[in-house]
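J.: Once you've looked at the hints, go ahead and assemble the two chains, each given alone in its own frame, into the complex.
Chains as they are written, first to last, in the numbering used here: chain A, 1 to 276; chain B, 1001 to 1320.
There could be a bad hint or two in this list.
Capping the alpha-carbon separation at 30 Å, the derived lysine-lysine pairs in BS3-like fashion look like this [claimed, not checked]:
no.	chain 1	residue 1	chain 2	residue 2
1	A	Lys11	A	Lys268
2	A	Lys59	B	Lys1207
3	A	Lys139	B	Lys1041
In case anyone wonders, no lab produced these hints; they're calculated from the structure.
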Amino acid sequence: MNRKIAAELEKKAGHIRRQILDMCVEAGTGHVTSSFSCVEVLVALYHGGIMRFNPADPKWEERDRFILSKGQASPVLYAILADVGFFPQKALGSFCKADGMFGVHLQCDVPGVEITAGSLGHGLGIGAGMAYAARMDNKNHMIFTLLGDGECHEGSIWESAMFAGHHQLSNLIAIIDRNQLCVTDFTENCVRLNPLDRKWEAFGWQTAVIDGHSFADIFSALGEVRSRQDSPLVVIANTVKGKGVSFMENAALWHGIAPKGEQAEMAKMELKRGAS
Amino acid sequence: MNRISQRDAFFDRLYEIARKDRDIILVSADMGAPSLDKFRKDLASQYLCVGIAEQNMITVATGLTLSGKKVYTYAIMPFATLRCYEITRVDLSIMNLPITIIGVGAGFSYDDSGPTHHSTEDITAMRALPNMTILNAADSTMAAAFADLSYQAAGPSYVRLDRQVLPTIYDQRTDFSGGSIQHKTGKDITIIATGNMVHNALEIANKLEEQSIQAGVIDLYRLKPINAELLLKQIGDSQRVATLEEHFLDGGMGSAVIEVLVDNDVAIPVKRFGIRDRYYYAYGGRSNIQSLCRLDVNSVTQDILRLGISTEPEELKITR
Chain A
1 MNRKIAAELE
11 KKAGHIRRQI
21 LDMCVEAGTG
31 HVTSSFSCVE
41 VLVALYHGGI
51 MRFNPADPKW
61 EERDRFILSK
71 GQASPVLYAI
81 LADVGFFPQK
91 ALGSFCKADG
101 MFGVHLQCDV
111 PGVEITAGSL
121 GHGLGIGAGM
131 AYAARMDNKN
141 HMIFTLLGDG
151 ECHEGSIWES
161 AMFAGHHQLS
171 NLIAIIDRNQ
181 LCVTDFTENC
191 VRLNPLDRKW
201 EAFGWQTAVI
211 DGHSFADIFS
221 ALGEVRSRQD
231 SPLVVIANTV
241 KGKGVSFMEN
251 AALWHGIAPK
261 GEQAEMAKME
271 LKRGAS
Chain B
1001 MNRISQRDAF
1011 FDRLYEIARK
1021 DRDIILVSAD
1031 MGAPSLDKFR
1041 KDLASQYLCV
1051 GIAEQNMITV
1061 ATGLTLSGKK
1071 VYTYAIMPFA
1081 TLRCYEITRV
1091 DLSIMNLPIT
1101 IIGVGAGFSY
1111 DDSGPTHHST
1121 EDITAMRALP
1131 NMTILNAADS
1141 TMAAAFADLS
1151 YQAAGPSYVR
1161 LDRQVLPTIY
1171 DQRTDFSGGS
1181 IQHKTGKDIT
1191 IIATGNMVHN
1201 ALEIANKLEE
1211 QSIQAGVIDL
1221 YRLKPINAEL
1231 LLKQIGDSQR
1241 VATLEEHFLD
1251 GGMGSAVIEV
1261 LVDNDVAIPV
1271 KRFGIRDRYY
1281 YAYGGRSNIQ
1291 SLCRLDVNSV
1301 TQDILRLGIS
1311 TEPEELKITR
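Just chain B, with the same shape it has in the complex (with noise of 0.2 Å):
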């Protein structure tokens, strides 16, 4: 099993892009990261440091884009995004400029940093942004393609990573152009989750298939622009959905889901699960956090399992 971070992963595969394609800048906003200490020392000129200024980092990068230069910008995750949104809205948005923005710390992955350092909102002030791709990572196999796949992109990129080390579930053969990957399908309810609840929604299917319920899982790690009719297709002849997130409800991943199936005339039954507009100062770890917002795996389990799926084949019902 592979165990190396998120992080390192990126910045590994984006360091091999970078040492052929010098014009790659990577502006940070004075984070470090172990694999990023080759990236500086052997590409000196091609990193640069801004200081805590997430504002200075996303207009200098504007400013070296319009340049000719294909620049990443790198902080973490609530600072990379929500403390300089509005020069990220004229910038990269407006002017449709291929920038990257690189955020570390998905979710509760900063857990006992607070609230400060939750990403818990970004998902949907992100998705807001017309020209903006939203790449979400549940794996490092996952997280070193989107390298690659921000590296090809016309417009701005928004890579989410997680801080901590997660189980590598893709293996290097695997392609991530399509925008969702389905591991299982279920008649009786699919579970569509993102980032590190794809592993919490992997365990809870197998939970599920213990009571006889069949539960499908989707990976939805391109959240913005979805990719539709893949992702109608990879739901099916499922009775139900289930979304999976460690970001609040408001306008996150699941809401997205929603608005596919309305806007696709697909009347399903679907059950949200997410953090519910609060904050948490609460520490012990992300399963504490997780626990208290009941989305550990059991939790879940147990909701899924109040909603009363009937596990009967069609048939019989007919009969009844």
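Looking at chain A on its own, in the form it has when it is part of the complex (with noise of 0.2 Å):
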């Protein structure tokens, strides 16, 4: 891809990352490091064109839908829908405050936001049924639906899998942020979630592995999925848990948790460094 428009986006992403840790260093509270191993993907759907939407009319019918399954990263998805203006920035200022507009998990009342999560394993079931229905209804707009790895543990992940290959849900595409943790462990150590993109593929699903921190590779990815048929499609993002803040990377011990203090200095710290 362009190199300047990948430059724009890294920083984007910086941007959203320091947005992120903002808020939830405001908050004190909000899952940072679930948020941060997933900002490329949704920067390059929302500010990269991959996918259609329109601030001003977030219901619009013909809009793409993006659905957060793992709705404990919701910092990342409201400060890009703030970012692309489907609501004022400074509703960010207030996250988690009784004056606010949202919380730790999804809401659906907020505008560019399609379901209510933060219970883990609805949204690839609820994604199948808006691709099923949009292909019932000869519509042409694509369903995004991303995953995290942990949630992949629950079996009705498994269920909506199983739907959506055998339907042939070409419109369904599903990223999982390969992070490599759930809450308190590393998901192989908890339970093997690994050969993930070949059990993918026994569920009738075409996949693609990639380096989920890489826009040249999510683009590789997701550039040109409107044309697909036959199969949904399945991207395994491969990440970092907390990426862009060393302490925080990789360590279980950060999950839905907030740096407070010294921490929170340094974790801005090395992201302005990261900016520069």
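T.: As structure tokens, then:
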């Protein structure tokens, strides 16, 4: 892809990470690391021109649907929705505040948000239902669903994967934020998910395994999805939980925790350095 | 007498509605019914079988609904409700989506199938969910009317259908919009029953009358939201209330009735009849299981007689 565009998107990703950190530090809560691992994927979808949407008309019928199934990563989606104009930026400052419009987990009454999530294992089936309905009605919008890898321990994911594979829902794209960590441990220590791509293949999905922090990789997998046929697509995006702040990366300890005091300042410094 | 099952009555009516509204989708967890064969054949694009996968049934229904479809889900009752309960909580109740869950097999109606298939907790579980409307059918006329009521609902609905063919007690002109229907008034006791137990209640009231006890009967078919004003009016000046349900007592219909009474400062003795906190591996038909848990007509009649109801007129009591 064009280097200039990649540089712009990387700059945007840095900006979104800083906003996520500010939101969560100010609130004293929020899933920072789960949000950091999927920043590039969401920036590519919303700022990179992959998805069709209209901030002035959030319920525009022809919009592509984005379902954040791992609803604990709400800060990344809220920061991006504010950035593209679904609601004012100042709403981010009242994350988890009494006068705010949203809290830790995703809620469906926020402009640009499709579903309430936070409980895992819902989003893929909802996406499959949307994809099925779109096909019934000859609509050509796409449905993108972002799943956590720990979320793939939920049995409901595999019920829905089987359904979507059977119905060859080629308008359904699942992206797995494969940061290797569930809540308390690495997924492979907890309950083994690998070989994850072959599992999805066996359920009738086309698979792509990418570096989820590389815009070139993301666009190679998602850039030309509208003409797809015959099967749903799963993109396994290898990512780093807590990406961007060294002491939060790959550490189960930081799940669902916002840094405080000195650590918050260190995190801000690291993100600032990364941007320069 | 109409000998159609509640399920067939419901689906026959839904078929008529779905022929006119092509946005209606019926999502089944691999459950059939004679009346469904017609639906599947004539309205193939409006029928979707997800396999024995109730969680996916609810999430797919949610996605369809968020895309403008009017969705009904269908499975045996414990699986339609409890297997996917948390998904229903988030997707239907929290998001307040107008999806109708159709459960078949109220109470012991899957009698010989054993406790896995008995539905004895679903009222408790489903009435805990905000936004949910719960409709419990006593006969096939009512079941057919529930297809219309759920079609018009703005939020989620749960329709309880009996598996067995029960006698018809309502005619086509009955108005099912109120939430409860009074069959008889009784100054001594009013039996509030739901579902198949309405039939037992009517028999019990006749038996009590032979013992000079005037017993009223109310069919409380909308278990959530309960129309408290109408229910209290129907109870009227009755001296006592008995509740009768083929469901666990904990949190069931009887509990809901007591909540209505307490919340409205109505101090009146209440006796609840239902299943007492245990499962039954018992065979030989529904009536046998009902006898074991003292929900059959004779047992309930005897237990009401043991309450020591005074049938003396009030003025005699005062002068005594």
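J.: Confirm or reject each hint.
T.: Now for the hints, and whether the structure bears them out:
For the hint pairing Lys11 (chain A) with Lys268 (chain A), the CA-to-CA distance comes to about 15 Å; that is within 30 Å, so the pair holds. A distance of roughly 60 Å separates the Cα atoms of Lys59 (chain A) and Lys1207 (chain B); the hinted pair therefore is violated under the 30 Å criterion. Taken as a hint, the Lys139 (chain A) and Lys1041 (chain B) pair is honoured in the structure, with Cα atoms around 25 Å apart against an allowance of 30 Å.
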